[in-house]
Amino acid sequence: MLVLFGEGVIKDVCAVEVKPMDIGGGKIVGTQINFTLTSGDRLEYVYDQNIPIEKSGQRAIDFVRTLYDNGKADFSGEPVELM
49 MLVLFGEGVI
59 KDVCAVEVKP
69 MDIGGGKIVG
79 TQINFTLTSG
89 DRLEYVYDQN
99 IPIEKSGQRA
109 IDFVRTLYDN
119 GKADFSGEPV
129 ELM
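Numbering-wise (our numbering), the sequence shown opens with residue 49 and increments by one.
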């Protein structure tokens, strides 16, 4: 599957995982989305803290659904930070 991460940056991804960002003690502070590239490398992102967890979680799920349905998706406009 192909993911556009930025202008001119397309990477081949073999797996994507959406999970809550747990800082310990069961405290969830955001939504994390992790990509496993076909090269074996991993890219981990966290959604902007100003976005409510419910909304960021839904955005991440919608992105993954589009990626798996189409085999490609544009991640470049997502409000995320690389971890």
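Just so you know, the hints here were simulated from the structure itself, not pulled from any lab data. Glycine residues also receive a C-beta, built at the ideal position from the N, C-alpha and C atoms. One or more of the hints may lead you astray.
Straight-line alpha carbon distances no greater than 27 Å define the calculated DSS-like cross-link-like pairs of lysine-lysine that follow [what the hints assert, rightly or not]:
#, residue 1, residue 2
1, K103, K67
2, K103, K75
3, K59, K120
Have a look at the derived ranges for each label pair, beta carbon to beta carbon [said to hold, decoys possible]:
#, residue 1, residue 2, range
4, G119, G74, 34 to 40 Å
5, Q106, K75, 17 to 23 Å
6, N118, I71, 31 to 37 Å
7, G56, E102, 29 to 35 Å
8, I76, E55, 31 to 37 Å
9, E55, L85, 24 to 30 Å
10, E102, D122, 20 to 26 Å
11, G56, I76, 30 to 36 Å
So, going through the hints one by one against the coordinates:
Under the criterion of a C-alpha separation no larger than 27 Å, the hint pairing K103 with K67 is consistent with the structure, at around 13 Å. For the proposed pair K103 and K75, the alpha carbon gap of about 17 Å is at most 27 Å, so the pair holds. Distance hint between K59 and K120 is fulfilled; the C-alpha atoms sit about 10 Å from each other, no more than 27 Å. Roughly 36 Å separates the CB atoms of G119 and G74, a value that falls within the hinted 34 to 40 Å.
Taken as a hint, the range 17 to 23 Å holds for the pair Q106 and K75, whose Cβ atoms sit roughly 21 Å apart. For N118 and I71, the hinted distance range of 31 to 37 Å is satisfied, since their beta carbons lie about 33 Å from each other. A hinted range of 29 to 35 Å for the beta carbons of G56 and E102 is consistent with their spacing of about 33 Å. Restraint check, I76 to E55: a C-beta distance of roughly 32 Å satisfies the suggested window 31 to 37 Å.
Distance hint check: the CB atoms of E55 and L85 are about 19 Å apart, inconsistent with the given range 24 to 30 Å. At roughly 22 Å, the beta-carbon separation of E102 and D122 lies within the given 20 to 26 Å, and the hint holds. Take G56 and I76: their Cβ atoms lie about 34 Å apart, and the range 30 to 36 Å holds.
Against the hints set out earlier in the document, a violation occurs for number 9 only.
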